[in-house]
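All chains, full assembly: derive it from the sequences and hints.
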Amino acid sequence: MLVYLNGRLVEKANAAVSVDDRGFLFGDGVYEVIRVCDGRPFEAGAHLERLATGLAALEIPGLAPGELPGLLDVALELVQRNELARGDATIYLQVTRGAAPRTHAFPPASTPPTIYIATAPLTRPHALHEHGAVAITTPDVRWARCDIKSVNLLPNVLAKQQAVQAGAAEAIFVRDGAITDAASSNVFAVIDDELRTPPLTNYLLPGVTRRVVLDLAAELGLAVREQPIFVRDLPRAAELFVTATTVDVLPVRQLDGRAVGAGVLGPVTRRLQAAFAERLAGAVRAGAA
0 MLVYLNGRLV EKANAAVSVD DRGFLFGDGV YEVIRVCDGR PFEAGAHLER LATGLAALEI
60 PGLAPGELPG LLDVALELVQ RNELARGDAT IYLQVTRGAA PRTHAFPPAS TPPTIYIATA
120 PLTRPHALHE HGAVAITTPD VRWARCDIKS VNLLPNVLAK QQAVQAGAAE AIFVRDGAIT
180 DAASSNVFAV IDDELRTPPL TNYLLPGVTR RVVLDLAAEL GLAVREQPIF VRDLPRAAEL
240 FVTATTVDVL PVRQLDGRAV GAGVLGPVTR RLQAAFAERL AGAVRAGAA
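Be aware that the sequence shown starts at 0, since it is given in numbering that gives the first Met the number 0, and climbs by one per residue.
Bear in mind the hints are in silico, worked out from the structure with no lab data behind them. Hints are not guaranteed to be accurate.
[To be verified] Label pairs and their calculated CB-CB ranges: (1) Arg144 / Gly44: 19 to 29 Å; (2) Ala104 / Val73: 28 to 38 Å; (3) Val263 / Ala55: 41 to 51 Å; (4) Thr102 / Gly65: 29 to 39 Å; (5) Asp191 / Gly65: 40 to 50 Å; (6) Val163 / Lys11: 23 to 33 Å; (7) Arg257 / Arg224: 15 to 25 Å; (8) Ala56 / Arg235: 34 to 44 Å; (9) Ala108 / Trp142: 16 to 26 Å; (10) Ala258 / Gly220: 21 to 31 Å.
In this text, a Cβ means the ideal position worked out from N, Cα and C, and glycines have one as well.
Written as structure tokens, this is what we have:
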């Protein structure tokens, strides 16, 4: 399996970064995961835009926004060379501030960033898509810039492990009595015949799949509102689902040991799953990036 590291294609087993890399020492970097279907990237432009926004927010120099499409070209070459051009796969793209002597303040602006790209096959959770997943809630102890897709993911790691130990697929974060994100996804609920999702703030990641689902919901004529979902509202939720690049639209049938609605896949979720699948298939047919 080949990967890209700082300008070179190398075997993954031989790829290595400096122990002084600030991604390793401080989690000082950002990343993206892009869905690939039959060799075609899905919503790549939105992912690259978010990557550029994250680089600007962290003031990581050395990589102009105009260079990002070139990295996508490299990633697609990896897809081909790693024989992932059939079926589902992912592109992982990470940029850190680079390697420099350890000090909290930024190194000189001339420090080159560390750029890493890898590809992998994607196995979609078909059984969970059909029958629904189990999830738990957990306090949101992340920092106050969750809108940046930072590689500093320790709270997410701990939350996901808490879910695994509880026999669940996802952990949904709660801050001040309201849902924010989940450990690796955004959250939607159908409450009072209305599709709701928390509004974007610094405490939420602006998910690419989240945006696609909002667009699809509008096209389907669904009543949609971006407003806080409070824990006290959840007993009235007829449907609950999460969205992410690697799971598309994933229904949640049980939360904290209690059935969501009737405990089966609801009609709004089904319609959005079908619409998302068609959007993905259409992008592949069109060769859209």
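Comparing the hints with the structure gives:
A hinted range of 19 to 29 Å for the beta carbons of Arg144 and Gly44 is consistent with their spacing of about 23 Å. Between Ala104 and Val73 the Cβ separation comes to about 31 Å, which falls inside the hinted range of 28 to 38 Å. Look at Val263 against Ala55: about 44 Å separates their beta carbons, and that is inside 41 to 51 Å. Checked against the given bound of 29 to 39 Å, the beta carbons of Thr102 and Gly65, roughly 30 Å apart, stay inside it.
The given range of 40 to 50 Å is respected by Asp191 and Gly65, whose C-beta atoms sit roughly 46 Å from each other. Checked against the hint of 23 to 33 Å, the C-beta distance between Val163 and Lys11 comes to roughly 25 Å, which is consistent with it. Between Arg257 and Arg224 the CB atoms are about 24 Å apart, so this pair conforms to the stated range of 15 to 25 Å. Between Ala56 and Arg235 the Cβ separation comes to about 36 Å, which falls inside the hinted range of 34 to 44 Å.
Distance hint check for Ala108 and Trp142: the Cβ-Cβ separation is about 24 Å, which falls inside the suggested range of 16 to 26 Å. At about 28 Å, the CB distance of Ala258 to Gly220 agrees with the hint of 21 to 31 Å.
In summary, this structure violates none of the numbered hints.
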